[in-house]
Amino acid sequence: MKKNLTLFLTVVSIAAYSQISIPATSSKGVIVTQNNDTIVYKDLRYEKGKVTYKNVQTEAEEFLYDNSVKSIEENENATVVQNSASVLNTQQPDKLISIKDIKNHLKENDVKYKRGKSLNDVGTVFVIGGGAAFMIGGISNLSKTNEINNGGESKKGSSTPLIIGLVAAGAGVVMKIAGHSQMKNSINNYQNADTGKFNPNYYVVNDGNGVGMIMKF
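Residue numbers (this note's numbering): 17 to 233.
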């Protein structure tokens with residue numbers, strides 16, 4: 017009876033272990049041991065029943081025998097949060113808080129922000145150019161009023177430069193307002209990006225029927 021029980025337990029153990037897939041090599045991922053310990057590894061090698069890897073947390077080279085491994089999840093961007101099960105969360109860059117940092121980030125990565133900034137810059141050029149044209153036209157008209165033609169009448173200046181300057185400056189102001197509004201919307205979208213965001217947690221489990229993953233939210 018004792019021999020039969022031992023044989024039965026051995027067969028069950030082999031059947032359970034045979035469902036665990038251990039890669040020959042793996043660059044990075046997570047190991048869950050039979051004791052439910054979670055280890056983030058890199059540079060994993062598996063040969064002759066021995067799993068050798070580098071522990072990311074301790075930077076030390078360690079090893080496990082394959083019969084002590086419960087599951088292995090290969091994931092280049094995974095971190096592990098210890099819980100009643102192994103929780104895998106994809107790494108995301110830290111959210112920026114400073115407006116200056118947000119602007120620098122969006123300037124390189126957000127198309128709408130880039131368009132808004134370009135429109136704002138063009139508007140600035142129009143405002144400066146229109147203001148300069150208006151000023152030059154005004155000075156020119158003032159100088160002409162002091163000149164007297166052959167008939168003894170004062171020369172009249174042209175209103176064209178003044179009109180062009182006003183139109184250009186007005187168009188520039190409109191473009192600057194539109195560009196600034198678009199930039200502000202991009203900043204607000206970045207700041208509110210996590211509101212109502214769906215962030216599920218993924219759990220690696222081994223219930224005897226095989227290794228699988230469940231999602232909780």
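Be aware that a few hints might be false.
With a straight-line cut-off of 30 Å between C-alpha atoms, the simulated DSS-like cross-links for lysine-lysine are [claimed, not checked]:
1) Lys58 <-> Lys133
2) Lys128 <-> Lys58
3) Lys58 <-> Lys111
The following label-pair restraints were derived from C-beta to C-beta distances [stated by the list, open to error]:
4) Ser114 <-> Ile144: 26 to 32 Å
5) Asn125 <-> Val189: 24 to 30 Å
6) Thr140 <-> Thr74: 24 to 30 Å
7) Tyr81 <-> Ser114: 46 to 52 Å
8) Thr74 <-> Ser43: 24 to 30 Å
9) Glu92 <-> Gly186: 49 to 55 Å
Hints listed in this document are in silico derivations from the structure and should not be mistaken for laboratory results.
From the three backbone atoms N, C-alpha and C, an ideal C-beta is built for every residue, glycine too.
Status of each hint after checking the structure:
With a C-alpha separation of about 43 Å, the suggested pairing of Lys58 with Lys133 is violated against the 30 Å cut-off. For the hint linking Lys128 to Lys58, the alpha-carbon distance of about 38 Å lies beyond 30 Å, and the restraint is violated. Distance hint between Lys58 and Lys111 is fulfilled; the C-alpha atoms sit about 26 Å from each other, no more than 30 Å. About 29 Å separates the C-beta atoms of Ser114 and Ile144, a value consistent with the hinted range of 26 to 32 Å.
Distance hint for Asn125 and Val189: a CB-CB separation of about 28 Å, consistent with the stated range 24 to 30 Å. A beta carbon spacing of about 55 Å between Thr140 and Thr74 contradicts the range 24 to 30 Å that was offered as a hint. Checked against the hint of 46 to 52 Å, the pair Tyr81 and Ser114 passes, with Cβ atoms roughly 50 Å apart. Taken as a hint, the range 24 to 30 Å is violated for the pair Thr74 and Ser43, whose Cβ atoms sit roughly 18 Å apart.
Between Glu92 and Gly186 the CB atoms are about 54 Å apart, so this pair conforms to the stated range of 49 to 55 Å.
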